[in-house]
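*Asks:* Here is what each chain is made of, one letter per residue.
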Amino acid sequence: MKELLITALLLTSCETSNYAPPVTPALTRPTSRTKQNVDLKRGRTLFVHRCIECHTLPAIWKYSDEDWSKIVNSMSHRASLKPAEREAVIAYILAVRKQE
Amino acid sequence: MSKRALSILLLACRAVAFGVGGSIIATNAFAGVRHFTFLYEAPTSPPGSVEMENALTWGRTTNPERSDQIDFRHEFEFGVTDKFQASVYVADWSYSRDAKHDRFTYSDTAVELIYNLTNPIVDPVGLSIYQEYKAGRRFFEWESKLIAHKNLGRWILAYNGTLEAVWQGEGLNEREGELQQALGASYEISPRCSVGLEFLHEFIFPDWHDNERIRNVFVGPNVSYRRGSWFVTMTALAQATDTPDERDFQLRTIFGIGF
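Going down the list, the protein sequences come from chains A and B.
Counting from 1, one number per residue, gives the positions in the first sequence under the numbering used here.
Counting from 1, one number per residue, gives the positions in the second sequence under the numbering used here.
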C-alpha cells in the first residue's frame with residue numbers, strides 16, 4: 001500500500017513538471033528579470049487554471065510557437081482571458097519552449 | 001427550520017435566479033465543460049463567466065413495481081473569482097409515471113457554492129469544497145462535498161465525497177442522511193471528445209439511523225462532446241446492488257452553453 005502511494009505521488013509530480021514546468025530564473029531574461037518573472041508566473045497560473053476548464057493540457061512541445069499564439073488567441077474568449085492575460089499565457093508557453 | 005425561514009430562502013433563491021437571467025444579456029464568457037454528470041471536478045469557472053446548464057435524468061425503477069421518472073434541472077453558473085463559483089438552480093422538477101399516476105412535480109430551487117483550494121496540474125491533487133442549499137415545498141436539503149481531481153496526461157480522475165441531510169414532510173419532521181462516494185475516470189480521445197466511467201456508492205440513513213443498512217452501488221460509462229461555447233455530457237448508470245425503490249437504470253444528460 002505504501003509503495004503504491006509513493007508510486008502514485010511520483011507519477012503525479014512527473015506529470016506536473018511535464019505539462020506546466022515551474023517558472024525558474026533560467027526561463028527569464030537577465031534584463032528586467034523581476035517583472036518578467038511575475039508575468040510568467042501569472043501566465044503559468046492562468047495556463048493551468050483556465051485551459052483545464054474544458055480539456056486536458058497538451059504537451060507544450062506539441063505545437064510550434066506560431067501555432068501556440070493562434071491556439072491561445074482562438075480560445076481566449078472561451079477561457080475568459082483578457083488581452084494582458086492572453087499575452088501572459090503566450091509568453092509563458094514560449095519561454096518554456098525556448099528552454100526546451 | 002420554520003416555514004417562514006424556508007419561504008424567505010425560497011424567495012431569495014428565486015430573486016437571485018431572476019437577477020441572473022437579466023445579467024446574462026450583459027455578459028459574454030464561457031464557464032467550462034463537464035466531463036462527468038454525477039461527479040464534480042475541482043477547477044472553478046473563470047471570473048466573469050456565465051453558463052447555463054440544463055440537466056435531464058431519466059430513471060427506471062422495477063423493484064417492487066415498474067415506474068419511470070424524468071428529472072429536469074435548469075442551472076446558471078457564475079465564475080466569481082479565480083477560485084470561487086456560484087450557481088443557482090432555477091428549478092428542479094420532474095415528470096413521473098407508474099401504473100396508477102402520471103404527473104409533473106416541482107421539487108426545489110437551490111444555491112450551489114464551490115471554492116477551489118488546489119490545482120490538479122501543479123499540486124499533487126486538485127481539491128475543492130462544495131456547499132449546496134436546496135429548498136422546496138416542505139423540503140430542505142443541505143449538501144457538502146469534498147471534490148478531488150487529478151489530471152494525468154489525457155486522463156482526468158475525480159473523486160467526490162458527499163454528505164447530504166434532508167428534512168421534509170409536514171413541519172419538516174422527516175429526516176434522512178446520505179453519505180456518498182463517487183469515482184470517475186475520463187479519457188480525452190480528441191480535444192473535443194472524452195469517454196469514461198462513473199461509479200457511485202451510497203449509504204442511506206433514514207431518520208439518521210442505519211438500521212435498514214441501505215447501500216446502493218451504481219456504475220456506468222459516460223461520453224462528453226464540446227464545441228465552441230457549448231458541451232453535452234451523458235452518463236448511463238446501472239444499479240449493481242438490488243435495493244427496492246431505487247432506480248435500476250438512469251441516464252443523465254447535461255447540456256451547457258456559455259454566453
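Watch out, some of these pointers could steer you wrong.
Stated by the list, open to error - Straight line, CA to CA, 27 Å or less: simulated DSSO-like cross-link-like pairs of lysine-lysine:
1. A/K82 to B/K83
2. A/K98 to A/K82
3. B/K145 to B/K83
4. A/K62 to A/K98
5. A/K41 to A/K70
6. A/K41 to B/K83
Simulated from the structure, these hints should not be mistaken for lab results.
*Asks:* None of the hints should be skipped; say for each whether it holds.
*Replies:* Hints, one by one, checked against the model:
no., hint, verdict
1, A/K82 to B/K83, "17 Å, holds"
2, A/K98 to A/K82, "24 Å, holds"
3, B/K145 to B/K83, "16 Å, holds"
4, A/K62 to A/K98, "13 Å, holds"
5, A/K41 to A/K70, "21 Å, holds"
6, A/K41 to B/K83, "17 Å, holds"
Consistency with the previously given hints is maintained throughout, with no hint failing.
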